[in-house]
Amino acid sequence: MQSSTATAGTAGVPYRPQVAAHFASLEVQNHAARLGMWLFLATEILLFAGLFVIYANYRFLFPEAFALASRELNLNMGTFNTLLLITSSFTAAMAVHYAKEAKNKQVVLMFVLTILMALGFLVVKYFEYSHKFHEHQLPGPYYAFPGLTLPGASAYFTIYFLSTGLHAFHVIIGMIVLGWVTLKAMRNEFSHYNYTAVELGSMYWHLVDLVWIFLFPMLYLI
Amino acid sequence: MSPSSSIAAEPGAVPAPDEHHEHHPSYLVDGTTVKSWLLTLDHKRIGVMYLIWVLLFFLIGGIYALVVRLELLTPGPTIIDAMTYNRAFTMHGVVMIFLFMIPAIPGAFGNFMLPLMLGAKDVAFPRLNLLSLYLLLTGAVIAIWGMINGGMDTGWTFYTPYSTHTTTTVAPILFGAFIIGFSSIATGLNFIVTTHTMRAPGITWFKMPLFVWAMYATACIQVLATPVLGLVLLLVVGEHLFHFGIFDPAMGGDPVLFQHLFWFYSHPAVYIMVLPAFGVMSEVVAAFSRKNIFGYRAVAFSSLGIAFVGFFAWGHHMFVSGQSTFNAGVFAVLTMLVGVFTAIKVFNWVGTVYKGAVDFKTPFAYFCGFLYFTVFGGMTGVAFATASLDVPWHDTYFVVAHFHFIMVGATIMAFMAAIHYWFPKMFGKMYHEGWGLVSAALIILGFNATFIPQFLLGNAGMPRRYYEYPERFQTLNVASTAGASLLAFGFLISAIYLTYALVYGRRAASNPWRSKGYEWMTESPPPTHNFVGPQPTYPEEPHFYVEPKKAEVPDAV
Numbered sequence: 001m002q003s004s005t006a007t008a009g010t011a012g013v014p015y016r017p018q019v020a021a022h023f024a025s026l027e028v029q030n031h032a033a034r035l036g037m038w039l040f041l042a043t044e045i046l047l048f049a050g051l052f053v054i055y056a057n058y059r060f061l062f063p064e065a066f067a068l069a070s071r072e073l074n075l076n077m078g079t080f081n082t083l084l085l086i087t088s089s090f091t092a093a094m095a096v097h098y099a100k101e102a103k104n105k106q107v108v109l110m111f112v113l114t115i116l117m118a119l120g121f122l123v124v125k126y127f128e129y130s131h132k133f134h135e136h137q138l139p140g141p142y143y144a145f146p147g148l149t150l151p152g153a154s155a156y157f158t159i160y161f162l163s164t165g166l167h168a169f170h171v172i173i174g175m176i177v178l179g180w181v182t183l184k185a186m187r188n189e190f191s192h193y194n195y196t197a198v199e200l201g202s203m204y205w206h207l208v209d210l211v212w213i214f215l216f217p218m219l220y221l222i
Numbered sequence: 001m002s003p004s005s006s007i008a009a010e011p012g013a014v015p016a017p018d019e020h021h022e023h024h025p026s027y028l029v030d031g032t033t034v035k036s037w038l039l040t041l042d043h044k045r046i047g048v049m050y051l052i053w054v055l056l057f058f059l060i061g062g063i064y065a066l067v068v069r070l071e072l073l074t075p076g077p078t079i080i081d082a083m084t085y086n087r088a089f090t091m092h093g094v095v096m097i098f099l100f101m102i103p104a105i106p107g108a109f110g111n112f113m114l115p116l117m118l119g120a121k122d123v124a125f126p127r128l129n130l131l132s133l134y135l136l137l138t139g140a141v142i143a144i145w146g147m148i149n150g151g152m153d154t155g156w157t158f159y160t161p162y163s164t165h166t167t168t169t170v171a172p173i174l175f176g177a178f179i180i181g182f183s184s185i186a187t188g189l190n191f192i193v194t195t196h197t198m199r200a201p202g203i204t205w206f207k208m209p210l211f212v213w214a215m216y217a218t219a220c221i222q223v224l225a226t227p228v229l230g231l232v233l234l235l236v237v238g239e240h241l242f243h244f245g246i247f248d249p250a251m252g253g254d255p256v257l258f259q260h261l262f263w264f265y266s267h268p269a270v271y272i273m274v275l276p277a278f279g280v281m282s283e284v285v286a287a288f289s290r291k292n293i294f295g296y297r298a299v300a301f302s303s304l305g306i307a308f309v310g311f312f313a314w315g316h317h318m319f320v321s322g323q324s325t326f327n328a329g330v331f332a333v334l335t336m337l338v339g340v341f342t343a344i345k346v347f348n349w350v351g352t353v354y355k356g357a358v359d360f361k362t363p364f365a366y367f368c369g370f371l372y373f374t375v376f377g378g379m380t381g382v383a384f385a386t387a388s389l390d391v392p393w394h395d396t397y398f399v400v401a402h403f404h405f406i407m408v409g410a411t412i413m414a415f416m417a418a419i420h421y422w423f424p425k426m427f428g429k430m431y432h433e434g435w436g437l438v439s440a441a442l443i444i445l446g447f448n449a450t451f452i453p454q455f456l457l458g459n460a461g462m463p464r465r466y467y468e469y470p471e472r473f474q475t476l477n478v479a480s481t482a483g484a485s486l487l488a489f490g491f492l493i494s495a496i497y498l499t500y501a502l503v504y505g506r507r508a509a510s511n512p513w514r515s516k517g518y519e520w521m522t523e524s525p526p527p528t529h530n531f532v533g534p535q536p537t538y539p540e541e542p543h544f545y546v547e548p549k550k551a552e553v554p555d556a557v
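Protein chains in written order, with the UniProt record's numbering: chain A, 1 to 222; chain B, 1 to 557.
A few of these clues could be false.
Using C-beta positions, here's what the derived DEER-type ranges look like [stated by the list, open to error]:
(1) S25/A with G31/B: 21 to 29 Å
(2) F301/B with A24/A: 54 to 62 Å
(3) I176/A with S26/B: 36 to 44 Å
(4) I173/A with L502/B: 18 to 26 Å
(5) I213/A with M83/B: 18 to 26 Å
(6) T204/B with R16/A: 27 to 35 Å
(7) I173/A with E468/B: 25 to 33 Å
What the hints contain is simulated information worked out from the structure, not anything from laboratory work. Note that CB positions come from ideal geometry on N, CA and C, so glycine has one too.
Let the hints inform the model, and build the full structure from the sequences given.
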């Protein structure tokens, strides 16, 4: 790919980001940003890993209640949401591809699609949650579902709301991050000199997707 | 070594004609408004602000400690009621651990020294660095607000189900600790990335100063362990406010699960506190023995070894929680491995001092205390790792004395050594050496007088955290309280002569210790961008001292 010519879709010469004074070069600065993001994602995974440990512990303590309680979730909605998130991860990855080619309009398009699918995910989540509230399938002392009275069922719904709630919080954060990167793309900022923000934003979105890939079988399938 | 790397601007020197362009003010005077300090992105100023805050937190935690010790002067009620006593020891633990021990050395000296030691102009993410400081302060404000509005009586370990049922204000204090966790993660992340990407040309991994290695290992623990604590603290807050029952056995919850998750952080956290101390001491011992560090690679790798093994040792906190004998055995062996890596360090430090030209200055006095506390505290740690010994000592004053020796003793020694060793670098002033030695002697003596009686108390069966005790324990408790007073007096002397030195101290030379540490290759105090003129080159390993006899020859510079 040519280094200095503007590709179709950009306005004029590709935007060159400024190197912060304490970095030796743009390469080093981007390397630092990527490494920082990977470390941050590692902390996020460990945060959720704590929840997975809690899930494993209670599944071991109450195997029957957990098996039955997981049947109470809406598998269709869960599957639909999984498809939405996987697709949104694809569009986020495509945004990185376009950013490298300085096709900022496509970057905007891809991220808008991603954010819309994230919104769709939250809407489905809202219907799932309201159904659970209606059925009193709620955490801890608020659990009053007559259909399943085994001990441990309330623990299942505690974990369900904790983990999906924490995940939904990350979805919202992800939407804000991607929205911010979209604004930068609208300003034609990205080219092969500078696509770190797109890359890191997408990486965060892949984490949100990845966590769901674990949560979905853990809560809905097994 | 580059001869021109340190051109001290002496006050009497003839000003250059175009002074405005040639003169590089030190970071201390480059911008004097309050805003230029509070919103600074300079790692050195952030380090100094950390230093001020952790000293304040140390004072708060120390006052709580004195209140607890005074209360225990007599077997019955002495100065406060039982509930206030519970709140006091809880807050002593929370403040000292989360607001002093964990951020102290990385925040103050890590921030200041790490970029200097790597020949960098700043840390990789200066804004994140500033954010980290303000997160610490936000968490501290929330926690202290909770302290004033009711306090907490659970002990700093927040064990469930008690912490979910107590009527004291658990939520703000735990939430404060949660935010402080973010600060810790941010600092660790920043240091890892800085070490990877900001090393000056010439500084390879095995030419990094040992303090950097120690900070790197610490940062790995901070990044990998703290998120788990964050999650479990949030769960306890939720549990306390909404009674989810996830850790409450009355509702089918599992309180031992809390202990696992809590110690998965809090045991590695011990190494977050003590590894930076090891790093400081590796610098100090080489500088004041005037000898190349013995076994550089072994010391460097043992830091990573401690960081690694530290993650597999949490189960020794649960020998009496109904854990299987097999688990206890596994955790016992894994815990003892920490002792192996620590011993590697200790032997190498001793090997460094051996036949060195020891310059017995204040930092070296603290090194001696440190070595003693580390070995004594470490050996009792190995004893605790033995499940059969842990059971009778569990939750007695023996535990209290042990972790104060290894965590607090070692870290305080290193913190004080770091203040004295780097004082000229940070502030460009010299303190009074005689008072430094007096204060070091008092602190080391006071520490022993405080905690050796507690070893004896614990061995005799006095449980920790009790408000009243049988009369036969009184003599030792009085001895311990007297020791605590001596300790406080020692710190008071330090505070006085260091503050005096800050204002009236004589001007320090660029490298008053003739240290070979990389951080001394710039002016004292350093200019805003750390180096004036061409960047220093690094042809030698750090701590590269010539033979003691040759060192007597004045520097060729």
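Comparing the hints with the structure gives:
{"no.": "1", "hint": "S25/A with G31/B: 21 to 29 Å", "in the structure": "holds (27 Å)"}
{"no.": "2", "hint": "F301/B with A24/A: 54 to 62 Å", "in the structure": "violated (28 Å)"}
{"no.": "3", "hint": "I176/A with S26/B: 36 to 44 Å", "in the structure": "holds (40 Å)"}
{"no.": "4", "hint": "I173/A with L502/B: 18 to 26 Å", "in the structure": "violated (43 Å)"}
{"no.": "5", "hint": "I213/A with M83/B: 18 to 26 Å", "in the structure": "violated (49 Å)"}
{"no.": "6", "hint": "T204/B with R16/A: 27 to 35 Å", "in the structure": "holds (31 Å)"}
{"no.": "7", "hint": "I173/A with E468/B: 25 to 33 Å", "in the structure": "violated (50 Å)"}
Checked against the numbered hints given earlier, the structure breaks hints 2, 4, 5 and 7 and satisfies all the rest.
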